[in-house]
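Trainee: The lines below spell out each chain.
There are 2 protein chains.
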Amino acid sequence: MSDRQQLRIPGPTPLPPEVVAALSKPMINHRSQEFRQLLASVSERLQRVIGTANDVIVLTASGTGGLEAAVANTIEPGDAVLSLCSGYFGERFAQIAERFGAKVAYIRSEPGQPIDPAPVAEAAKKQRFTAVLATHSETSTGVLNDLPAISQALHAAPERPLLLVDGVSSLGAAPLGLADDEYDIAITASQKAWMAPPGLAMLAVSERAFKRAEVCRSPRLYFDVVAARKSASRGETPWTPAETLLYGLDAALDLILSEGVADVFARHRRLSARLRQGLRDLGLSVLSAEAWASPTVTAAFLPAGLAYAQFQAHLEAAYGIQLAGGQGALKDKVFRIGHMGYIADEDIEYLLQSIAGTLQHFAISGGGN
Amino acid sequence: MSDRQQLRIPGPTPLPPEVVAALSKPMINHRSQEFRQLLASVSERLQRVIGTANDVIVLTASGTGGLEAAVANTIEPGDAVLSLCSGYFGERFAQIAERFGAKVAYIRSEPGQPIDPAPVAEAAKKQRFTAVLATHSETSTGVLNDLPAISQALHAAPERPLLLVDGVSSLGAAPLGLADDEYDIAITASQKAWMAPPGLAMLAVSERAFKRAEVCRSPRLYFDVVAARKSASRGETPWTPAETLLYGLDAALDLILSEGVADVFARHRRLSARLRQGLRDLGLSVLSAEAWASPTVTAAFLPAGLAYAQFQAHLEAAYGIQLAGGQGALKDKVFRIGHMGYIADEDIEYLLQSIAGTLQHFAISGGGN
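Each protein sequence line maps, in turn, to chains A and B. So the first sequence is numbered by the numbering used here: it starts at 1 and just counts up by one. So the second sequence is numbered by the numbering used here: it starts at 1 and just counts up by one.
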């Protein structure tokens, strides 16, 4: 068994030793110069990795909390919202908007398919939407949606709706692909490509979104991005921050920037392509086509007759590997592999060998594709 | 200078070495038996320390997030809410209720004074309130409010309102003092008496509050306590939890329970009494009277002519001690000392000697009281 941690779920992801070491730093006064330097270091370098000049707000919350913050600051009861939904996490984002009283119209793709921009343009032409909810990497299917094409489609609208992007499992591993004035809030979370523990949501927020937040009447204090921005201008957070997790994220940003952002993105593309090819070589079918495969998550169909629980139990017992099962309609049909953050070529090879061994164990003959 | 960390702000508080060590544990699958054991261990032992059979929900959020969760699950626009407000954090709790559309009536105490139960009973008799917001230990003044007296006062109401208690800086160091059917949500946070890093809010929630949450229409998904309870029944959290912080809290609960809950409470009472006496011996005036002094936070008046910034700068430079300043109307009038969690007699003695040295440095002669 490899001595590297083989937690291959789509988050939490394994932590590099440098990040683990940083978690032990002592607590500090969150109203001090030391904290101001930490917050500035994290915020400014998040901007560099995301590739934006928009403010990046760091919240103590999971990725779902980040999605809720995006909704709570921009969407009011009765607002028309267009959900571009390519899987389970797209549904969750829309569910939050519904909880906040939005009238949500859905454009859904088939599992493993990305959103088609053509009906998006049609919808945007016909109806005025306050906001459009889009998923970048859909963690339930391993599809990377084409955000530039979606943004382009919204040009059909008389007035561009706010574009809220779930980038939870893509940012840090893939470029957003949008200029700063083409989206309004992009959300990511510490435990995905960022190689840090769960508990921080990071939101890149446009000027237009801040303006909307200033007048948006949906109730929130904890998730108020205007309050967060105001505090950040003084190097503070409005509420006590999760210092330990900021230490970890700061150390992870050191690693990302010393590897180089372009190289980190290239590594994710290379490893995910190798993984998909390796799965096909074993006779397995990958859910998403090559053209829109996510660089961070891959879903593949289980061989006929092999239950996910059996498959996972053997992978763990024999190889120490943990994958994730399918969600919603894909439950017991696919298995999912997270390959983001602290992951190298050797991990993908070990994973493929382990899956091959597991298929052999269950006497499932492999084959080319 | 002592080799123990002298961070004496009212949270974050210093971490014991056992808690620091626990923060380095590797990430695990949050849908696994290993995680289920962790969550069960934390939740069940939180119940023991708080002294309740009510479910304790653990959220990834700061204490303010916990206050918002309490409001979002119980209060709707137009609801009449009674705020018992003895300082800055009481105002914050009420502000959240106002953000959620409540019509808030206030009963305020003077700084350093607790809430008088008599007008509470009067108000409860005259008007039907959906909820009453009370603070246990008011972190801005060092006052411990008498929750049993407040609960008693609410018996005057034709139907008891929901009682939501900010126990952020008291629970873990002091008993709540209420039976399970006398309050509805009590909120605390990991970075206070719990000796863990910031980032977790813990809510003890009554059956009555869950029933209210099931029908309460205020928008929330992330803070939905009904969803959290349903997930907890399977040993899970609805959204990805801050595993690192749960590891820390679990290790801190080991320490609290091996010291013994009653002994932890007694230690806090003893240390805070010694601190207040020591401050008075130095000629300083404590904001709250002995009878309602908080066992976790003490506010004392700055000597005339000594600015807080000067006082703090010398304390830190000469002794490595960090205290906190006053908030709101108390800014530049008082200084505040957090003495909760990982703190021992020697720390209080060191703190008093350091304050004495600082007063001498500024040539402020001490005196008895």
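These aren't lab readings, by the way, just hints derived from the structure by calculation. Computed from a predicted structure; not experimentally measured. There could be a bad hint or two in this list.
Sample of chain A residues lacking proximity to chain B, with all beta carbon distances greater than 12 Å (derived) [claimed, not checked]: (1) 15; (2) 36; (3) 96; (4) 98; (5) 119; (6) 121; (7) 215; (8) 224; (9) 270; (10) 286; (11) 348.
Okay, the calculated beta carbon distance ranges per label pair [claimed, not checked]: (12) B:98 with A:270: 34 to 42 Å; (13) B:101 with A:80: 21 to 29 Å; (14) A:331 with B:101: 49 to 57 Å; (15) A:181 with B:258: 56 to 64 Å; (16) A:233 with B:4: 33 to 41 Å.
Glycine residues also receive a C-beta, built at the ideal position from the N, C-alpha and C atoms.
Trainee: Decide, hint by hint, whether the structure agrees.
Mentor: Hints, verified against the model:
no.	hint	result
1	15	6 Å, violated
2	36	14 Å, holds
3	96	5 Å, violated
4	98	9 Å, violated
5	119	27 Å, holds
6	121	30 Å, holds
7	215	14 Å, holds
8	224	8 Å, violated
9	270	24 Å, holds
10	286	22 Å, holds
11	348	19 Å, holds
12	B:98 with A:270: 34 to 42 Å	53 Å, violated
13	B:101 with A:80: 21 to 29 Å	22 Å, holds
14	A:331 with B:101: 49 to 57 Å	39 Å, violated
15	A:181 with B:258: 56 to 64 Å	57 Å, holds
16	A:233 with B:4: 33 to 41 Å	35 Å, holds
Hint compliance for this structure: hints 1, 3, 4, 8, 12 and 14 are broken, all remaining hints hold.
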